[in-house]
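Visitor: The primary structure of each chain is shown beneath.
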Amino acid sequence: MSDLLEQLEQEEKTNSRRGLSTGSIVLLAGVVVAVLVVGFALLRQHQTQPTSGLAPDFTLTTFDGQPFTLSEQRGNIVVINFWASWCGPCRQEAPALQRVWDRYRDQGVVVLGVTFADEPDDSLEFMQEYGLTYPNVDDPRSEVSKDLYHIQGVPETFVIDQNGEVARFIYSTVDEASLTVLIDRLLEQGSP
Amino acid sequence: MLAEIGIVTLGLAFLAAIYAIIASVYGARIRSERIILTGRNASLITFPLLLLSCTALMAALLTHQYQIAYVWQVSDPSTPTFYRFTALWGSQQGSLLFWCLLMSLFTFFATLINWRRNRPLMPYFIAYCMATLAFFVGLVLFVENPFVRYWLTPDLTANSSVLAYLFIPPNAQAPEALGLAQTARGLNPLLRHFGMIIHPPMLYLGFVGFVIPFAFAMSALASGDLSTNWIKAARRWSLIAWLFLSLGLLLGGRWAYDVLGWGGYWGWDPVENAAFIPWLMGTAFLHSVMIQEKRGMLKVWNMFLVIFTFSAVIFGTFATRSGLVESVHSFAQSGIGIPMFLFWGSITIISVALVLWRWNTGRLSDERGFAGMISRESLFVLNNVVFVALALAIFWGSFGAPILSELVMNTDITLGKSYFNGVTAPLFVALYILMGIAPLSAWGATSARRLGKSMLVPIALTLITLVITFVSGTRDGGALFGYGVVIFAGYVAIYETYRGAVARRKNTGEAFPLAMIAIFGKNRRRYGGFIVHLGITVIGIGVIGSTLFQVETQRTLAAGETLELGGYTLRFDGLDMNQIAEDSRVMDIANLTLLRNGAEIARLRPRHDFFPQATGMNQMNIAGSHSTIENDFYVLLASSANDGSTVTLKVYINPLINLVWWGGIILILGTLISVAPSESVRVKERESVGSRMGAAA
Amino acid sequence: MKPHPLAPKSQPHPLAPSPKIGEGGQTPPPCPSPNSGRGFRGEVRKRTPRWASLLAIVCVCLIAAYPTLAQIAVTADDVNRVAKQLYCPVCPNETLDACQTQACVQWREEIHTQLTEGQTAQQVIDSFARRYGERVLATPQDPALRALSVYTPFILAGIALVIAVLTFTRWQRANTSEPHPPTPSPKGETDTRNDSYRSILERDLRE
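For the protein sequence lines, the chains are H, P and B, in the order given. Be aware that the first sequence starts at 1, since it is given in this note's numbering, and climbs by one per residue. Be aware that the second sequence starts at 1, since it is given in this note's numbering, and climbs by one per residue. Be aware that the third sequence starts at 1, since it is given in this note's numbering, and climbs by one per residue.
Derived by calculation from the structure, the hints in this document are not laboratory data. Keep in mind it's a predicted model, so treat the numbers as computed, not measured. Backbone N, C-alpha and C fix where the C-beta goes; we use that ideal spot for every residue, glycine too. Be aware that one or more of the hints could be misleading.
[To be verified] DSS-like mimics (lysine-lysine), calculated; alpha carbons at most 30 Å apart, straight line:
hint, chain 1, residue 1, chain 2, residue 2
1, P, Lys294, P, Lys522
2, P, Lys232, P, Lys417
3, P, Lys294, P, Lys232
4, P, Lys417, B, Lys84
5, P, Lys417, H, Lys146
6, P, Lys506, P, Lys522
7, P, Lys417, P, Lys453
8, P, Lys522, P, Lys453
9, B, Lys84, H, Lys146
[As the list claims (entries may be wrong)] On the chain H side, residues computed to face chain P include the following (Cβ under 8 Å):
hint, residue
10, Ser24
11, Val32
12, Val37
13, Val38
14, Phe40
15, Gln45
All chains should be modelled from the sequences, with the hints used to inform the complete structure.
Guide: Encoded structure:
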């Protein structure tokens with residue numbers, strides 16, 4: 001067996017070395033490109049909801065027709081709540097959010113609802129049913145919800161502090177008690 | 001105790017695999033038989049070690065050890081024992097461990113069986129197998145470990161979550177067993193179905209099985225023995241892997257049809273496609289190696305095919321487990337995405353580079369010359385091309401286009417049935433045509449006239465069948481063409497088997513039935529293959545019928561009302577609400593009566609299951625259906641009024657769909673025949689071993 | 001997300017719809033009441049016979065009702081035919097007709113409403129694409145995306161064909177430059193079909 005291996009190695013050395021044919025280069029390049037593309041996609045897909053750092057800025061229109069820009073709210077605490085009329089748990093937290101808005105709206109806290117994949121008529125019906133008076137914006141193309149905030153479903157809530165940074169990400173329904181504790185703490189820290 | 005056993009055996013298996021790689025490669029380089037043997041033994045030990053580890057996890061599942069995080073995540077006290085077994089692969093960590101076990105099982109037997117027969121290939125074979133195994137065991141050990149346990153550490157407050165650790169943190173206590181048991185999550189409802197029980201193991205066996213041919217190919221490249229030895233060693237393993245992969249795909253389709261509730265069995269979902277692409281490449285490989293064995297040609301093709309089959313396998317498991325593309329099949333997000341990507345990327349690029357290097361040195365050149373456009377060799381090249389085109393088109397639709405459009409154009413797109421059906425249909429037609437013509441062609445040159453003569457009988461039979469089909473009502477030109485192409489391939493398989501038996505009868509004077517049995521005994525590959533082709537034909541007929549002629553409707557009915565579809569009448573008799581099953585699911589069951597021409601032919605009970613304790617996916621729609629060869633009358637309970645007075649039903653009639661499952665059974669039978677060793681092959685192998693040992697002396 | 005075994009049971013992830021999904025049946029808008037012709041009765045002219053006026057009223061009603069009569073007949077199947085071409089925003093890779101979540105139920109109701117208003121299937125799909133973006137369509141409509149996704153496989157098939165042709169020409173070239181002669185062609189057509197078949201078969205099985 002060792003003779004066979006030696007023989008094969010001899011053959012290899014005596015064969016003239018040609019350069020890699022164009023076909024081979026194209027194939028190798030294609031494979032490398034495919035691998036890189038998949039790699040980028042994986043990195044992109046790994047992005048999850050922001051839990052710290054500057055909150056991604058956006059401008060959307062409220063159901064009253066007014067524009068709402070997140071960065072203009074610097075100095076205020078913003079509670080961004082992603083919801084939809086077809087979402088059961090959203091119904092549980094809507095009254096809590098309305099109470100938070102009533103309690104803190106004069107203290108520099110803004111509650112903002114952002115609808116996700118929802119028909120405007122259904123959203124308005126929901127808002128009327130729960131008597132929501134805080135600003136609600138429509139995000140039909142999911143550019144803010146999916147592309148910027150990478151939500152996986154609704155409801156998901158982000159609390160943004162006075163400096164525009166994400167203070168907390170709440171994965172499911174909002175618990176009114178812990179939210180008020182958080183807002184009180186942020187208000188304390190923010191006051192000069 | 002169980003967790004400790006599991007962790008230690010896992011760690012030992014990992015070390016053994018690493019050692020096996022080093023010893024095999026080093027031993028092969030310096031030609032030390034002793035070191036190579038230690039490498040082999042290290043590789044063999046991985047199997048009993050992983051078996052122990054899996055058994056530990058299984059024991060934990062069966063004995064309700066909820067402190068182990070995996071057990072908590074996939075079971076709860078009400079889970080029946082049967083599902084406790086299958087919970088082993090119910091979630092990411094357990095299924096990865098199970099995958100490692102199956103891989104070590106395959107390499108164990110492949111190493112033992114081939115040790116003497118293919119000794120020159122073995123060191124590098126072991127090295128490649130163990131490299132793959134070491135990667136996956138490493139993943140389980142360091143990233144997704146099923147044996148992490150919940151501990152109460154002193155710094156926890158009342159509201160914070162209990163975390164899971166691999167090793168006991170200092171001053172930690174085990175959480176209270178009762179509390180753990182009460183909050184345990186339980187098995188995902190979708191997995192509580194028979195199909196889901198064997199579909200993953202079959203699929204894993206299929207995927208994992210392709211490590212063997214890949215390792216043999218890589219070993220041939222590394223050791224320089226580029227004759228057909230690696231192919232002969234790998235052939236049966238390739239068939240076995242292909243068998244399990246086919247089974248896994250068929251079972252997956254059947255499960256989707258029964259449980260997922262959308263009336264179909266194949267949705268061109270990215271994860272489904274990720275399992276289909278290796279099947280396509282594997283099928284191309286199985287055919288293409290025949291040419292290298294018989295004619296010494298297409299060596300480079302075979303290398304690429306086996307590499308891309310294995311690459312597709314790794315990509316498939318990577319895409320599924322890492323959630324690369326959103327899918328209903330995906331596992332939850334986890335940390336294994338990046339390591340798996342790196343493994344897939346490096347193994348693909350390195351293997352391709354290795355082949356290109358060997359090709360460049362002229363070691364993979366063809367042994368024979370070109371024999372003409374209609375020789376079997378050319379048809380097989382066309383076959384390879386069509387399969388590769390299919391694989392690329394499906395990869396493009398599932399991954400390429402969505403990924404590129406998101407990266408480059410910032411838009412999420414999803415390509416659906418219309419893309420896949422439109423793009424793959426002409427390629428499948430080409431495949432069936434080739435499946436018909438290639439068995440009639442011959443190695444080397446064939447005259448067009450001879451080929452045409454051989455086609456006469458199958459074509460005649462096809463035309464007769466088509467006329468009958470036309471007369472019995474099918475008028476759609478596309479469908480008739482599809483049926484024609486598919487049936488032609490089937491008739492060729494039957495006709496060739498018939499001719500083989502006739503030729504044998506002429507030779508030996510045996511009676512026809514005996515001749516039939518004899519040719520299957522003596523030439524399992526050829527005639528088993530014809531049975532597989534026949535199975536593919538039957539599946540093709542089923543697919544054409546159920547895709548082109550499906551009818552559906554949706555209607556809301558009150559008790560006593562009926563709906564009409566396709567000559568059938570369906571009557572809603574009443575709704576049984578809130579029935580509670582033994583695993584605490586709540587069911588709403590609709591009672592329906594199916595009539596045809598006024599006569600009652602079946603009672604159907606589609607239902608809607610609700611799982612009150614499950615988080616996430618907590619509902620299932622189970623269809624009620626009446627199956628005949630002609631069609632499936634398939635009914636879903638889409639929704640019901642709160643008081644049960646009306647129901648909304650979705651009704652499908654799927655013509656010929658049961659041929660898909662029957663064709664699958666025929667395919668499995670044919671593969672089993674092909675895999676079994678035939679007498680003449682065993683004689684040949686003894687001879688070849690003898691001659692090789694003589695040459696080495 | 002790590003589970004919290006001892007913390008109060010976590011809420012189910014909100015993608016889960018509420019358990020009972022009632023699909024409200026849509027009642028068709030009523031035909032305009034003939035009573036709207038009340039004025040007619042009071043204004044009946046003496047010379048026109050009563051049956052003629054009644055006939056006139058009925059005809060006018062029918063003509064007025066015709067557009068709404070045409071709208072009434074929107075069945076669940078019509079909705080599903082449109083829904084098949086759209087994707088559910090919540091469940092990945094499930095078409096809108098198959099998905100049973102509350103979100104999809106509401107979207108299908110919207111389709112029903114638009115169809116009832118007289119829009120064609122294509123108009124409904126366009127309105128959904130305009131509002132929710134290309135991600136809800138089963139086949140992208142934006143021409144660049146369409147080119148990327150639909151035409152590329154044909155380009156790939158073309159490349160595959162080119163590879164096949166190259167392989168054949170490479171073989172052809174190797175054939176003509178080889179030192180030893182290529183495999184001889186089998187026996188001529190003088191053999192009976194069975195004989196030559198047998199020899200081919202034996203060659204197949206032997207090698």
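Visitor: State the violated hints by number, sorted upward, taking the hints as numbered earlier in the document.
Guide: Structure breaks hints 2 and 7.
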